[in-house]
Every structure is written in structure tokens, then in C-alpha cells.
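J.: Residue numbers (our numbering), protein chains in the order written: chain G, 1 to 120; chain Z, 1 to 157.
Since the hints were made in silico from the structure, they are not lab data. Take every hint as true, because none was put in to throw you off.
Estimated spans, in silico, between C-beta atoms of each pair:
id, chain 1, residue 1, chain 2, residue 2, range
1, Z, A135, G, S73, 50 to 60 Å
2, Z, V107, G, R92, 12 to 22 Å
3, Z, T27, G, T29, 39 to 49 Å
4, Z, Q74, G, E27, 21 to 31 Å
5, Z, T17, G, S113, 17 to 27 Å
6, Z, E5, G, K45, 43 to 53 Å
7, G, P58, Z, G58, 20 to 30 Å
8, G, Q22, Z, G78, 21 to 31 Å
9, G, E44, Z, E5, 40 to 50 Å
10, Z, V107, G, R72, 18 to 28 Å
We put the beta carbon where it would ideally sit given N, CA and C, even for glycine.
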Amino acid sequence: MRILIVDDSRAMRTIVIRTLRQAGYGEHTLEEAINGAEALKVIEKDPPDLVLSDWNMPEMTGIQLLEEIAKRSIKVKFGFVTSEGSPEMRRRAMDTGALFLITKPFTPESFQSTLKSVVG
Amino acid sequence: MQVTEQDLCQIAEMVWTTVLGLDVAPTSGGASEDGALIGCVYISGAFDGAVTLESTPGMVRRASSILFGIPEEQAEDGEIRDTLGELINIIGGNIKGLLPEPSRLSVPEVLSGEQQRADLPSRCTLSSATFRCGAETMRVTLHKRDDKGGADADSDR
Numbered sequence: 001m002r003i004l005i006v007d008d009s010r011a012m013r014t015i016v017i018r019t020l021r022q023a024g025y026g027e028h029t030l031e032e033a034i035n036g037a038e039a040l041k042v043i044e045k046d047p048p049d050l051v052l053s054d055w056n057m058p059e060m061t062g063i064q065l066l067e068e069i070a071k072r073s074i075k076v077k078f079g080f081v082t083s084e085g086s087p088e089m090r091r092r093a094m095d096t097g098a099l100f101l102i103t104k105p106f107t108p109e110s111f112q113s114t115l116k117s118v119v120g
Numbered sequence: 001m002q003v004t005e006q007d008l009c010q011i012a013e014m015v016w017t018t019v020l021g022l023d024v025a026p027t028s029g030g031a032s033e034d035g036a037l038i039g040c041v042y043i044s045g046a047f048d049g050a051v052t053l054e055s056t057p058g059m060v061r062r063a064s065s066i067l068f069g070i071p072e073e074q075a076e077d078g079e080i081r082d083t084l085g086e087l088i089n090i091i092g093g094n095i096k097g098l099l100p101e102p103s104r105l106s107v108p109e110v111l112s113g114e115q116q117r118a119d120l121p122s123r124c125t126l127s128s129a130t131f132r133c134g135a136e137t138m139r140v141t142l143h144k145r146d147d148k149g150g151a152d153a154d155s156d157r
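Turn these sequences into a full structure, and let the hints guide you.
T.: What follows is the structure, given as C-alpha cells:
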């Protein structure tokens, strides 16, 4: 399985990768993108199995990325990993097509319990 | 809803423990001013203000070392700024959850000395909490924009 991690912070991409490994997903191919625009190029060329995206990023936000994916009818499992988890954001995320929203800070256990139902 | 010092303490402790694996304890007094680094996120909308994390350089360097898996002395400026930015992003996002909605969170910034002098005085402090992690200190502050004619510093955010 290919997992694309999208976040403008290299520190956070490192944390997500570390947490994925601790949650038992380390044997999968983990790829990175620094913002929504770069992620969209990757997804258009060869859609990964799962996208884990931050919400707030320069150039193209996570929600803008998801909207562009939907416009292009690209089938990809998508979830947010973000510092904000307000009911309004969760609603907007799900209405746009996200499968889940994990809030920071997160633990390997929260990744496991969320991702298990999405990718097994 | 009022965001109290206790709220700031709980959020900062949660972030330090979960993200860095470090224990922190509230302490009295301000964070050390000498060379303090300041990370900032702005909140706009139903609430108009900012959240700042002031930290000793040693604390941010230690955090960078943990996050990037490198010796502290090898942490470069870019990694230190990235680390501080992500820590304030997480803290700010969690504090935003306690504030009136709908509001937006900006991307994080690490403030230069000039930005600190230009921007932060236009805001009043709603609550603040100082912490100690070993020999290092940091302070989390929730600011509200001063409606009494402070500089309109974030009108284009």
C-alpha cells in the first residue's frame, strides 16, 4: 500500500511517519508532499492508496486539495491530520469526501483505531 | 467561554508529553527573555487574536533533536523554526477549539524581533502560563486584538 503524507512541516511529516510505523503501517510505502499543490501532482499521476493531509498549508490547503481531487473524480482514500477538530471542520471535511479527521497531537493508538477501519 | 491559565497548562502538557515524550511543570514568573524564540498563530473570525509560544532556544533545539532524530548540536535554523512552528500550530489549534466559532487559524510563524515589537503590543493578553522542562522554560499566551486602536497587524491574514 502507498500512503501519501501531505504537510508543509517536515517536523510533522516526520512525526506522522514515525507514528505510522509505531501503529504497524511501517512496511507500506510512505511518500511525502509539502503542500496541497505538490500532492495533487502526485495524485493525478499515480493515485496512492491513502492520503493523510494537514488542513492549513500555503499554496493549496488540505480542503482545497480534496476539492480538486473530487472535481477530477479521482478515487483515493483521504483523511485529515490536523491541529483543529471543530465540529464545523469535521462536517466540512466529511461533506467534501474525507473519511476521517485525526487531531494533533495523536498517538499510535489513535492512528490504529482510525486507519484499521479504512485500510485494514 | 474564557480560556484560563489551567486550560493553557493542560494543552501545553498534553502536547509536550504526546509529541516530545517530555514532562513539563507549571512554574511562576516569565519565560527567560534572553534570545527567546516566539512561535505565533493568528486566529481570526468570531475570535480575533493570536496564540504565542515563547521558548528558550535550548528547549526548541532539544525538541528539534527529538523530532528529527538528530543530536541537538546538529539542529539547524530551518529545523528549529519548523519545530517551533509545528508546536505552536498544535497548541494554537487546540486552544482555538475553546474559542468562539467560526474562526480561522493561520499558518504558523516564527516572529522576528521586529515583528514582535510591531505586532504583539497591539494585542492584550487574555491568559498566559509558564512552564519548565528541565532547565528550560517556555510560555504560552493567548492574545486578543486590542479594539481600542491597536495596529491592524493581521488585516491581510
